[in-house]
Amino acid sequence: MISVLGELALPDLTTLGLPDPLGEYIAIRREHGQVLNLLAVIDGSKPCLDDWIPVAAIERYTDLCERFGLYVRSGIQFDVMTHEEAEKAVGSGTLTTTRARAREIGDPRGSVHVFVGRDPAVVDNTFYAGWYPLVVGERATSKPWIDHIWFGEGLGYPTCCLEAFARNNNWSINNMPYQAARVTRNPLGLCNSIMRFTGLTWAPHLPCSYDCAATTEQSRKLRDLTLRTAPQLVPIVDGLCTGTFLLLSEWEAFALHGINRDGDGITYAGASLVPSNRPNESLYEALRCGDRLEVRDDLVVVFAGPEVVRVEACRTDGFAPRVPVLLSFQGPGQ
Amino acid sequence: MVTQAAAEQPVAETLARSRVIGLEWLRRDLVLRGHLAGDVLGEVLADVGSAPNAQALLAHPWTERWLATAVRLVDRGALEILPEGQVAAHLGLAVNLLAALRIGREPVTVRFDEHGAAWLPGTGAVAQAPLVRAGRAGHFGVLDGGVADGQAVRWPEVASCVELEGDATNPSLLVEEPTWVDNRSAAEPGCDRSTASDAVSHQYVEPITLTERARELIDRWADGGGSRMSPTIDVIEPPTSTVLVDFLTQMRIPVSIEPNQLGADRIRQDASFDHLSLLSVREPGRFAEIEDIASRGTDILSRRVGAHVAYIRRRYLEAAAIYADLLAGRAGDTDTWRDLCWSLRHAGREEVVRVWVLHPYEVVQVAEAVNWMIPAAWPQSNMAGMPGSSSLELIVDLLEWIAHDLRAR
Numbered sequence: 000m001i002s003v004l005g006e007l008a009l010p011d012l013t014t015l016g017l018p019d020p021l022g023e024y025i026a027i028r029r030e031h032g033q034v035l036n037l038l039a040v041i042d043g044s045k046p047c048l049d050d051w052i053p054v055a056a057i058e059r060y061t062d063l064c065e066r067f068g069l070y071v072r073s074g075i076q077f078d079v080m081t082h083e084e085a086e087k088a089v090g091s092g093t094l095t096t097t098r099a100r101a102r103e104i105g106d107p108r109g110s111v112h113v114f115v116g117r118d119p120a121v122v123d124n125t126f127y128a129g130w131y132p133l134v135v136g137e138r139a140t141s142k143p144w145i146d147h148i149w150f151g152e153g154l155g156y157p158t159c160c161l162e163a164f165a166r167n168n169n170w171s172i173n174n175m176p177y178q179a180a181r182v183t184r185n186p187l188g189l190c191n192s193i194m195r196f197t198g199l200t201w202a203p204h205l206p207c208s209y210d211c212a213a214t215t216e217q218s219r220k221l222r223d224l225t226l227r228t229a230p231q232l233v234p235i236v237d238g239l240c241t242g243t244f245l246l247l248s249e250w251e252a253f254a255l256h257g258i259n260r261d262g263d264g265i266t267y268a269g270a271s272l273v274p275s276n277r278p279n280e281s282l283y284e285a286l287r288c289g290d291r292l293e294v295r296d297d298l299v300v301v302f303a304g305p306e307v308v309r310v311e312a313c314r315t316d317g318f319a320p321r322v323p324v325l326l327s328f329q330g331p332g333q
Numbered sequence: 000m001v002t003q004a005a006a007e008q009p010v011a012e013t014l015a016r017s018r019v020i021g022l023e024w025l026r027r028d029l030v031l032r033g034h035l036a037g038d039v040l041g042e043v044l045a046d047v048g049s050a051p052n053a054q055a056l057l058a059h060p061w062t063e064r065w066l067a068t069a070v071r072l073v074d075r076g077a078l079e080i081l082p083e084g085q086v087a088a089h090l091g092l093a094v095n096l097l098a099a100l101r102i103g104r105e106p107v108t109v110r111f112d113e114h115g116a117a118w119l120p121g122t123g124a125v126a127q128a129p130l131v132r133a134g135r136a137g138h139f140g141v142l143d144g145g146v147a148d149g150q151a152v153r154w155p156e157v158a159s160c161v162e163l164e165g166d167a168t169n170p171s172l173l174v175e176e177p178t179w180v181d182n183r184s185a186a187e188p189g190c191d192r193s194t195a196s197d198a199v200s201h202q203y204v205e206p207i208t209l210t211e212r213a214r215e216l217i218d219r220w221a222d223g224g225g226s227r228m229s230p231t232i233d234v235i236e237p238p239t240s241t242v243l244v245d246f247l248t249q250m251r252i253p254v255s256i257e258p259n260q261l262g263a264d265r266i267r268q269d270a271s272f273d274h275l276s277l278l279s280v281r282e283p284g285r286f287a288e289i290e291d292i293a294s295r296g297t298d299i300l301s302r303r304v305g306a307h308v309a310y311i312r313r314r315y316l317e318a319a320a321i322y323a324d325l326l327a328g329r330a331g332d333t334d335t336w337r338d339l340c341w342s343l344r345h346a347g348r349e350e351v352v353r354v355w356v357l358h359p360y361e362v363v364q365v366a367e368a369v370n371w372m373i374p375a376a377w378p379q380s381n382m383a384g385m386p387g388s389s390s391l392e393l394i395v396d397l398l399e400w401i402a403h404d405l406r407a408r
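Residue numbers (numbering that gives the first Met the number 0), protein chains in the order written: chain A, 0 to 333; chain B, 0 to 408.
It should be emphasised that the hints constitute simulated quantities derived from the structure, not laboratory data.
Remember, it's a predicted structure, so these values are computed and weren't measured experimentally.
Where hints are given, some of them may not hold.
As the list claims (entries may be wrong) - These stretches of chain B come out as covered by chain A in the derived footprint (C-beta under 8 angstroms, 3 or more residues):
1) 25 to 31
2) 64 to 74
3) 119 to 133
4) 245 to 254
5) 340 to 350
Quick reminder that beta carbons are idealized off the backbone N, C-alpha and C, glycines included.
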């Protein structure tokens, strides 16, 4: 997973002087991880989170959680694979957002998959449903589909969003972010989880729409909590959730900065690449070279001045269908 | 003597007829859905009867690919699920079929693809625009009275009859002789991978040879007093419930489920579990009906569906007991192993099934090779709380024995 590239490149959170446990968590995790979700779980407003903790730091992490009255359940270890390695596995098409090999707990490689919450029964049930399609013996593993719904329930996702997941999250024929965009009237930063792999979005899940009332309420509470306990994070998260995004699929999205609507297209001053495990880096490079784009049905036409520098054709007739949409998200204060 | 051209004529006619049927099927489907491209295809099919270049248009690879993609989009439900994007663009290209039949005779509209090209299949020509017009429409008029009636519209003659857009000395569009390049890329995200995977899925599955670790496990099992006799159970299965088959078929849930196996190129053969899961969320009433019907049967399908339903209803031990019974007859079926282990995982026995998750080859190979009655020296596991399923008890013991043995090495 690459980080955010471009104008929205994230600051080093260890320099922000975050209060404990967030400061220590960042020191342990070395990435942004689940910093906002940890805050919500400690607060009790989120029932459970799952996270990946480096093997060497697992004891320190467990101690940290226990100090805050949290129960930790460790599952399996994730040993991240390259895209090329993952592609060789039988069932690689099911490795949609996580590409890792399963290792036994105690193996020196990888990170421990942990589930954390206040109520051990809730954490255990979330853990049982929270299996990821890891690679074992050159084959991807799978879990029953209903476990996805139970996993979402354990993580506290709104019912309407879980129902939308049941309808739309089929990577073979559908595109869930597109479906969310399709039913959105007024895109809200509080519902914008496009940057969720940074761990720094107010909504951690794929919402049923980008103006979902239940998600807005949850995210508003989390933002208020963050304002009280770690206000340094608020402008960073707001910055990642607001503004204009070019969205193709769960894998491929871009933030555009300094935009102006311009007839059929928009002009922009800069672009950022949204992290995913299969980002479209070549389109990102074209966007960086360009200053204007138009979406024409399946095409993203990128211009630099009068010249076309890229025409990206987005197909929907295969796995992980792509449909380009432009969405402008209002910030929480707007 | 029959010339090659004459010999190819019946083939071309057959191809043309088959393509007309395909276009007509698509037209009817699009009209039923109220899609405007259905009207365009109606005009295409009306012209095909009289246009001199109709057969060449129908036989052209561009037409073949366009039709195949359109059918694929319809079959995938893309017109309803993803009506914008490629669906709008691709069906919008139907105007190029009409333009190919009429260009040089009357004014036409074309649509340019991502390369700025508008193929005019059967004319030997392609309209080429600068990239800035990719995805846009272009228009061509008629010069000098156009192509004579009854004369085929062919490159290069057609070019002299076409009024190009823009300045005469610097036209923004050109009509050129094309070179056909099949530039489909299977590796690109969003490209169809189903064809490739379907082809692979029908390949012969090489039997997996016993892993070294499995061989050692089986030897140690025997050394401890366990039997190497395979657990095959001969039972006369009752006939499959036709009521259940009919109901599942009506709900488009697979009823013919082949056992999956190690070494197969699919991680799952039994899609019915996920279908039932979806149904439980989307149509709870229908799901309850299936639950009721399955509960009345004792055949394999009824029991398998009953187990899936029990899992979805969170009755994990009930599900595990049924899966264990099914495994007793098909110890190599990795799908049932997964379902059994996930039932036990939810029932709080995650530590027991972890050995299958991490060592599936060893577990399945041992399970296929030995009698599950564990060696006499092995202390029986605590199955308190488990329902009285001897198959389930035996499998849990077997899993514990393998896990213990692997830990000890």
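Tested hints:
1. 25 to 31: Coverage by chain A is violated for the segment 25 to 31 of chain B (0 residues, Cβ < 8 angstroms).
2. 64 to 74: holds (count 3)
3. 119 to 133: holds (count 4)
4. 245 to 254: Coverage by chain A is violated for the segment 245 to 254 of chain B (0 residues, Cβ < 8 angstroms).
5. 340 to 350: Our answer is that it holds, as 5 residues pass the Cβ test (under 8 angstroms) against chain A, meeting three.
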